[in-house]
Amino acid sequence: MVRRNFQKTNTILFTLFLVIAGLYFGAALLIPIVFAVFLSTLMVPVSKFLEKKTKAGRITSSFVSTFILFIGVGLVLFFLFRQLGFFLNDLIERKQEIAAYVTVLQERLMGATGFTLEQQKELFQNEMTSIINWIQRFISQVLASVTEILVKFLLVLIYVFLFLINRDKFKQFLMMYISEDKKKETRQILSETKKVAHKYLWGRVQVMILLAILYTIAFTAYGLEHAALLILFGTVITIIPYIGPFISGILPIIFMIVFGGSSVEIISFIIIITIIQLMESYVFEPIIIGSEVQQSPLFIIIAVLLGGAIWGGAGLILFVPIFGIIKIIADHSKELRPIGFLMGYNRPGAKDTFIEKIQKKIKH
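Numbering (my numbering), first residue to last: 13 to 376.
Keep in mind the hints are simulated off the structure, nothing from the lab.
Worth double-checking, as some hints may not be accurate.
With a straight-line cut-off of 30 Å between C-alpha atoms, the simulated DSSO-like cross-links for lysine-lysine are [stated by the list, open to error]:
{"id": "1", "residue 1": "Lys65", "residue 2": "Lys181"}
{"id": "2", "residue 1": "Lys206", "residue 2": "Lys181"}
{"id": "3", "residue 1": "Lys64", "residue 2": "Lys196"}
{"id": "4", "residue 1": "Lys164", "residue 2": "Lys206"}
{"id": "5", "residue 1": "Lys164", "residue 2": "Lys183"}
{"id": "6", "residue 1": "Lys195", "residue 2": "Lys60"}
{"id": "7", "residue 1": "Lys194", "residue 2": "Lys60"}
{"id": "8", "residue 1": "Lys60", "residue 2": "Lys183"}
{"id": "9", "residue 1": "Lys181", "residue 2": "Lys196"}
With beta-carbon atoms standing in for the labels, derived distance ranges [unchecked claim]:
{"id": "10", "residue 1": "Val217", "residue 2": "Ile313", "range": "16 to 26 Å"}
{"id": "11", "residue 1": "Met188", "residue 2": "Ile287", "range": "49 to 59 Å"}
{"id": "12", "residue 1": "His344", "residue 2": "Ala39", "range": "20 to 30 Å"}
Just so it is clear, the structure is predicted and the values come from calculations on it, not from any experiment.
Note that CB positions come from ideal geometry on N, CA and C, so glycine has one too.
Using the sequences provided together with the hints, build the complete structure.
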């Protein structure tokens, strides 16, 4: 018995090792495909609506749905990079103001550490060459990344178009390998998986829109510089759990401190941004995205860290919904059900929170 359990454990660990190795070495192929699969679930309702209301064919509806996705994501990327360009030009034009600000910092540093301005200047000159080289490498990497992102985005769109056209065929292909007694449960798993993927993405889009509205009101009220860039970047980055909201909240505060503002304005601004972040994490997400999409915070952190280690930036985004799908499969498997229970959000014996009560009222 002990030997059998030991062999079973070894088999599971070896399988897990093979899966992680396959994900790591197959990243170039798998990342665009996985992105396309999730985006396809987002656009399937649009394609079905066009087929039902306009009597469009499958190819036409799939093309229009893919084109809508291209316009939406393309506009976000266009305005994001456009605002980033405005920001960089503004930094160049305000170099004298920045130099004066650096002088103030040097004086404060001298008072705090005892380093004279001459010593700081000598240290700065020694490091200037390496700083310039680092900036040049960074700009080159950013430009290369932008080109790579655009190429991969076009590849993802092609995959989305093909997945939308063949969505029924893929389901039929999978069912051919399922025995008759398992087909009903398999259809339920596929239905829940599609629902979770769609609700996660569409819910995330709605949360981003609400967050952008709140940011717009707050940034306009305080006259924050480069508000458009901060709104676009701050909403898009929140797709990465925990890390994204932190960056989204800290950047506007840094801009408020650097580009001006009294102590009272800075403190009140920090309070407002904190309130907005709490609303996004503890009100908007639970109500809009739904508790059935949520996972244990522990496994969300594991998904983010594991995804970042295996797939880099793409893994930070994709591994959370992938873990959600794994949980669904585990919930429907007798052997894996404990894993699904462990990955779940709800705690046994815990009372419903205020947000969960609102969710139940909305559902009923």
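Hints versus structure:
1. Lys65 / Lys181: holds (23 Å)
2. Lys206 / Lys181: OK: Lys206 and Lys181 at ~15 Å, within 30 Å.
3. Lys64 / Lys196: holds (26 Å)
4. Lys164 / Lys206: Judged against 30 Å, a Cα distance of about 23 Å means the pair holds.
5. Lys164 / Lys183: holds (26 Å)
6. Lys195 / Lys60: holds (24 Å)
7. Lys194 / Lys60: holds (27 Å)
8. Lys60 / Lys183: holds (16 Å)
9. Lys181 / Lys196: holds (18 Å)
10. Val217 / Ile313: 16 to 26 Å: Because 23 Å falls inside the window, the suggested range holds.
11. Met188 / Ile287: 49 to 59 Å: With Cβ atoms ~53 Å apart, the hint holds.
12. His344 / Ala39: 20 to 30 Å: Once the Cβ atoms are compared, 28 Å apart, the range 20 to 30 Å for Ala39 and His344 holds.
The structure is consistent with each of the numbered hints, conforming to all of them.
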